[in-house]
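So the sequence lines, in the order shown, correspond to chains A and B. Residue numbering for the first sequence follows this note's numbering, beginning at 1 and increasing consecutively. Residue numbering for the second sequence follows this note's numbering, beginning at 1 and increasing consecutively.
Just so you know, the hints here were simulated from the structure itself, not pulled from any lab data. Take these hints with a grain of salt, some might be off.
With a straight-line Cα cutoff of 27 Å, these simulated DSSO-like cross-link-like pairs (lysine-lysine) come out [what the hints assert, rightly or not]: (1) A/Lys151 x B/Lys514; (2) A/Lys144 x B/Lys313; (3) A/Lys30 x B/Lys514; (4) A/Lys71 x A/Lys30; (5) A/Lys71 x A/Lys144; (6) B/Lys349 x B/Lys306; (7) B/Lys429 x B/Lys514; (8) A/Lys30 x A/Lys144; (9) B/Lys313 x B/Lys429.
Here are the in silico distance ranges between beta carbons for each label pair [as the list claims (entries may be wrong)]: (10) A/Leu44 x B/Phe385: 39 to 47 Å; (11) B/Ala98 x A/Gly63: 21 to 29 Å; (12) A/Gln93 x B/Gly149: 28 to 36 Å; (13) B/Leu535 x A/Arg68: 41 to 49 Å; (14) A/Gly111 x B/Ser190: 38 to 46 Å; (15) A/Thr149 x B/Glu298: 37 to 45 Å; (16) A/Leu44 x B/Ser150: 42 to 50 Å; (17) A/Leu44 x B/Ile469: 29 to 37 Å; (18) A/Gly75 x B/Gly532: 49 to 57 Å; (19) B/His206 x A/Gly63: 50 to 58 Å.
Away from chain B, derived, C-beta distances all over 10 Å, residues of chain A [stated by the list, open to error]: (20) Tyr32; (21) Glu133; (22) Phe154; (23) Asp165.
Bear in mind that the values here come from a model prediction, so they are computed numbers and not experimental data. Beta carbons are placed, not taken as given, at the ideal position from N, Cα and C, and that holds for glycine.
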Amino acid sequence: MVKQTVALFLMAVVLLRPSCGEGSGMQSWKKYFFDGQEFREGALSSGPSVYQRDGYLPMIQTGNEAPREDKLPPGTGGAVVFCHIQSAGGKLQNHGGYIPLAGAAVEIRNGDRMMALRADANGYFVIALPAGEYELRLQGVRRKMRVETGKTTFVTVRTGKRMVD
Amino acid sequence: MIRNPRWIFFFFALLSLTPCDASAAGLDDYYLGRFDSQYVSHERTALAIAAPEDGLKERCLTPLHRGLRRDWSKLSSDTQKILAKHLAKPALSGQEAAPFISAEGHFAIHYTASGNDAPPPADANGNRVPDWVETVASVFEFVYSRETGSFGYSPAPTLSGRPYDVYLQDLAGRSEYGYSESDTPVTPDSNSYTSFIVIDNDFANHLYAPYTGLKGLQLSAAHEYHHAIQYGYNYLFDIWYAEATSTWIEDELYDSINQIYNYLPAYLRNSTLSLDTPVSLSTGGGYGRWIFNRHLAERYGAGIIKVVWERLKTLSSPDGADIPMLPIIDDVLRSNGSSLGSDFLSFTKKLYVRDWTSHTDEIANIHTVLPVADYSSYPVMAAAFPTPSVTLPHNAFAYVTFTPSATAPQDLVLTLGTNNGTTAVAFKKDTGGMITEYPLNPGAGTITISGFNTPGTAEVALLISNTGISDGRTTNFTADSPALPPPSNGGSSSSGGGGCFIATAAYGSYLHHKVLILREFRDRHLLTNAPGRILVALYYHLSPPLADVIARHDLLRSGCRILLTPVVIAAEYHSLTVLLLLTVFCVLTGMFLAPRLKSSCRQPPLGK
Numbered sequence: 001m002v003k004q005t006v007a008l009f010l011m012a013v014v015l016l017r018p019s020c021g022e023g024s025g026m027q028s029w030k031k032y033f034f035d036g037q038e039f040r041e042g043a044l045s046s047g048p049s050v051y052q053r054d055g056y057l058p059m060i061q062t063g064n065e066a067p068r069e070d071k072l073p074p075g076t077g078g079a080v081v082f083c084h085i086q087s088a089g090g091k092l093q094n095h096g097g098y099i100p101l102a103g104a105a106v107e108i109r110n111g112d113r114m115m116a117l118r119a120d121a122n123g124y125f126v127i128a129l130p131a132g133e134y135e136l137r138l139q140g141v142r143r144k145m146r147v148e149t150g151k152t153t154f155v156t157v158r159t160g161k162r163m164v165d
Numbered sequence: 001m002i003r004n005p006r007w008i009f010f011f012f013a014l015l016s017l018t019p020c021d022a023s024a025a026g027l028d029d030y031y032l033g034r035f036d037s038q039y040v041s042h043e044r045t046a047l048a049i050a051a052p053e054d055g056l057k058e059r060c061l062t063p064l065h066r067g068l069r070r071d072w073s074k075l076s077s078d079t080q081k082i083l084a085k086h087l088a089k090p091a092l093s094g095q096e097a098a099p100f101i102s103a104e105g106h107f108a109i110h111y112t113a114s115g116n117d118a119p120p121p122a123d124a125n126g127n128r129v130p131d132w133v134e135t136v137a138s139v140f141e142f143v144y145s146r147e148t149g150s151f152g153y154s155p156a157p158t159l160s161g162r163p164y165d166v167y168l169q170d171l172a173g174r175s176e177y178g179y180s181e182s183d184t185p186v187t188p189d190s191n192s193y194t195s196f197i198v199i200d201n202d203f204a205n206h207l208y209a210p211y212t213g214l215k216g217l218q219l220s221a222a223h224e225y226h227h228a229i230q231y232g233y234n235y236l237f238d239i240w241y242a243e244a245t246s247t248w249i250e251d252e253l254y255d256s257i258n259q260i261y262n263y264l265p266a267y268l269r270n271s272t273l274s275l276d277t278p279v280s281l282s283t284g285g286g287y288g289r290w291i292f293n294r295h296l297a298e299r300y301g302a303g304i305i306k307v308v309w310e311r312l313k314t315l316s317s318p319d320g321a322d323i324p325m326l327p328i329i330d331d332v333l334r335s336n337g338s339s340l341g342s343d344f345l346s347f348t349k350k351l352y353v354r355d356w357t358s359h360t361d362e363i364a365n366i367h368t369v370l371p372v373a374d375y376s377s378y379p380v381m382a383a384a385f386p387t388p389s390v391t392l393p394h395n396a397f398a399y400v401t402f403t404p405s406a407t408a409p410q411d412l413v414l415t416l417g418t419n420n421g422t423t424a425v426a427f428k429k430d431t432g433g434m435i436t437e438y439p440l441n442p443g444a445g446t447i448t449i450s451g452f453n454t455p456g457t458a459e460v461a462l463l464i465s466n467t468g469i470s471d472g473r474t475t476n477f478t479a480d481s482p483a484l485p486p487p488s489n490g491g492s493s494s495s496g497g498g499g500c501f502i503a504t505a506a507y508g509s510y511l512h513h514k515v516l517i518l519r520e521f522r523d524r525h526l527l528t529n530a531p532g533r534i535l536v537a538l539y540y541h542l543s544p545p546l547a548d549v550i551a552r553h554d555l556l557r558s559g560c561r562i563l564l565t566p567v568v569i570a571a572e573y574h575s576l577t578v579l580l581l582l583t584v585f586c587v588l589t590g591m592f593l594a595p596r597l598k599s600s601c602r603q604p605p606l607g608k
């Protein structure tokens with residue numbers, strides 16, 4: 001009886017996991033959010049989520065609607081870049097977190113080729129790139145980024161800190 | 001420009017993320033073009049482009065920022081979204097007056113004369129500058145002279161040597177005294193950043209009591225300007241030490257304000273968390289750890305704190321992560337003939353003995369240590385409550401006290417079993433406040449305190465200090481009983497500030513991220529209130545035997561993970577989720593059990 005009860009509970013847990021089962025078109029998509037340090041699977045109650053699915057261009061969305069299914073072009077991988085300033089401290093209340101860099105202009109370099117992108121109002125951009133090694137530059141910050149065919153790479157670019165007291 | 005046809009795929013992504021408004025009017029075009037040119041040179045739309053290798057082109061951005069702020073309302077909403085980051089420096093509630101330059105020319109005080117952000121308008125000397133603005137300027141000049149002059153820190157860098165920007169803004173509604181924010185690298189690819197400071201416009205709100213007015217200004221100026229100095233040294237500083245240093249220096253500059261002592265109880269309540277635990281008011285992380293700097297300053301002179309920051313200045317981080325400060329502190333102390341471990345032990349002793357040599361008239365403000373357990377019934381054996389065992393992460397400590405009672409032995413013998421890296425020492429305090437230190441007999445693993453059960457003895461305090469860099473170091477102890485509690489499972493699970501026994505057993509590792517979530521939940525929501533602490537103490541008392549069984553059976557571990565799932569989800573996401581899960585679980589369990597209970601009720605009693 002214990003095993004059956006556990007099995008039932010397991011089914012309930014699986015069915016109610018927040019990262020799946022929210023719509024028929026989202027069965028294979030995984031949701032991620034930035035927790036202030038790194039991307040984690042799951043979603044915040046508010047704010048944008050990153051939808052990731054192998055072979056598809058990742059999407060940044062704030063709602064729960066099914067993401068648009070844009071297949072990655074052959075030989076490319078997806079990249080999600082998030083630009084922000086870290087916020088820390090708080091003598092009166094905790095102000096730990098991050099401030100998105102809306103409209104940040106990011107350079108992407110690969111050998112002698114270079115391009116520039118703007119982050120959206122939430123500090124994100126997504127892009128499909130040929131597999132390979134890249135360098136991101138934003139203000140004085142540089143980040144290495146490895147793109148693999150059909151996969152999604154998550155990169156966070158922190159350009160500074162706000163120390164709140 | 002684009003030789004590889006595959007780069008055409010960039011369009012695929014780029015077309016979906018071009019917030020630029022192609023029909024933006026003249027002002028939009030002007031600001032978009034000027035700000036774009038700071039980092040890259042490209043067309044209005046975000047297509048693949050080539051850019052010059054050199055980074056910043058325009059060194060002085062202040063006029064451009066001012067213009068952007070002035071014309072903000074005239075820009076289209078799309079342009080505002082794009083350029084919002086350039087308004088990180090605050091836009092004040094009214095027209096900004098000409099910045100007031102401090103007497104020595106080191107600071108530009110930005111303020112407005114209208115709206116919520118306006119400082120008190122009184123202008124006793126009739127120079128059309130509010131007196132408060134002049135006070136702010138003079139306070140910052142004093143802070144500058146002390147921090148860069150007396151203490152010898154390099155001034156906070158500014159572009160082209162311009163005055164440092166300080167903004168006055170109403171921050172009470174945001175529950176902030178002030179903040180400092182990194183701005184731009186001093187040179188391309190440098191870790192030395194310029195910054196700016198925003199402080200409350202008057203510190204008049206009751207929120208700041210009893211540090212309203214001048215006191216609030218003084219402690220904020222001292223604190224924030226040191227952050228500005230830190231950005232100049234290396235913006236990849238470890239945040240806990242940045243707060244510990246900025247807090248420490250407040251009292252070095254303004255000795256009579258004494259706000260810093262308010263942060264000590266949280267640290268001493270959470271001494272079982274590491275010295276470099278993340279910044280938090282509830283755990284004393286960062287702010288409360290300032291007292292370690294006072295210990296270092298007393299032992300080596302205040303200059304040693306500067307040496308630590310200067311050492312950080314020479315370091316870089318290939319992945320852009322913050323640079324941990326504890327190894328740097330250790331390095332600096334070793335070059336002074338000591339080590340972090342050695343000084344951490346002497347620091348934790350000093351917290352009990354209270355033999356501080358500076359600010360001696362303020363020693364009473366330093367909260368006494370807060371023991372994790374107190375025993376008055378003897379012998380203290382393995383089954384005692386609280387469990388006579390402490391597990392500590394790196395650079396953490398715990399005090400355990402023993403008070404004389406009718407069952408107390410004449411001489412108290414403490415028997416300890418410790419891991420490497422953990423040091424134990426006992427103190428006997430008499431009723432007159434005299435303290436005697438009793439070292440550990442390393443061969444026997446005992447500390448013998450003679451004359452414990454005598455009228456003159458107030459208490460015995462056992463200090464267990466993890467002076468090493470490894471986490472999960474367990475020390476078991478008994479009092480007046482030679483038998484030690486059974487050793488814990490290698491120190492990977494813990495009590496008293498460590499991990500969660502059952503979760504660690506279920507997930508197989510103290511470092512599993514779900515265990516981390518539960519630990520964070522415990523530290524933030526349970527250890528911060530009395531009922532929560534009782535719950536945690538009970539959990540640590542009852543769970544070790546269960547955890548041992550769970551850890552040995554895969555099926556139990558799997559089951560445990562399932563049962564813990566709603567708790568982890570609740571801790572991680574939202575409590576509503578767990579309510580939903582528990583409801584479903586209860587309904588399903590009820591549906592499953594109800595028919596069986598009914599049928600069992602219908603069965604005739606046995607023997608009939």
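Cross-check of the supplied hints:
1. A/Lys151 x B/Lys514: Within the cut-off at roughly 25 Å; holds.
2. A/Lys144 x B/Lys313: OK: A/Lys144 and B/Lys313 at ~23 Å, within 27 Å.
3. A/Lys30 x B/Lys514: With a Cα-Cα distance of about 18 Å, the restraint between A/Lys30 and B/Lys514 holds, given a limit of 27 Å.
4. A/Lys71 x A/Lys30: Holds. A/Lys71 to A/Lys30 sits at ~15 Å (cutoff 27 Å).
5. A/Lys71 x A/Lys144: Since the Cα atoms of A/Lys71 and A/Lys144 sit roughly 24 Å apart, the hinted pair holds (cutoff 27 Å).
6. B/Lys349 x B/Lys306: holds (24 Å)
7. B/Lys429 x B/Lys514: violated (42 Å)
8. A/Lys30 x A/Lys144: Distance of about 24 Å is within 27 Å: holds.
9. B/Lys313 x B/Lys429: violated (44 Å)
10. A/Leu44 x B/Phe385: 39 to 47 Å: holds (40 Å)
11. B/Ala98 x A/Gly63: 21 to 29 Å: violated (46 Å)
12. A/Gln93 x B/Gly149: 28 to 36 Å: Roughly 34 Å apart at Cβ, these two residues keep to the hinted range, so it holds.
13. B/Leu535 x A/Arg68: 41 to 49 Å: Given a distance of about 47 Å, which is inside 41 to 49 Å, the answer is holds.
14. A/Gly111 x B/Ser190: 38 to 46 Å: Between A/Gly111 and B/Ser190, where Cβ atoms are some 25 Å apart, the hint is violated.
15. A/Thr149 x B/Glu298: 37 to 45 Å: Distance hint for A/Thr149, B/Glu298 is violated at roughly 59 Å.
16. A/Leu44 x B/Ser150: 42 to 50 Å: holds (46 Å)
17. A/Leu44 x B/Ile469: 29 to 37 Å: holds (34 Å)
18. A/Gly75 x B/Gly532: 49 to 57 Å: Given about 54 Å between the Cβ atoms, the range holds.
19. B/His206 x A/Gly63: 50 to 58 Å: Because 41 Å falls outside the window, the suggested range is violated.
20. Tyr32: A/Tyr32 is indeed farther than 10 Å from all Cβ atoms of chain B, at 13 Å.
21. Glu133: holds (14 Å)
22. Phe154: holds (14 Å)
23. Asp165: violated (5 Å)
Comparing the model with each numbered hint stated earlier shows that hints 7, 9, 11, 14, 15, 19 and 23 do not hold.
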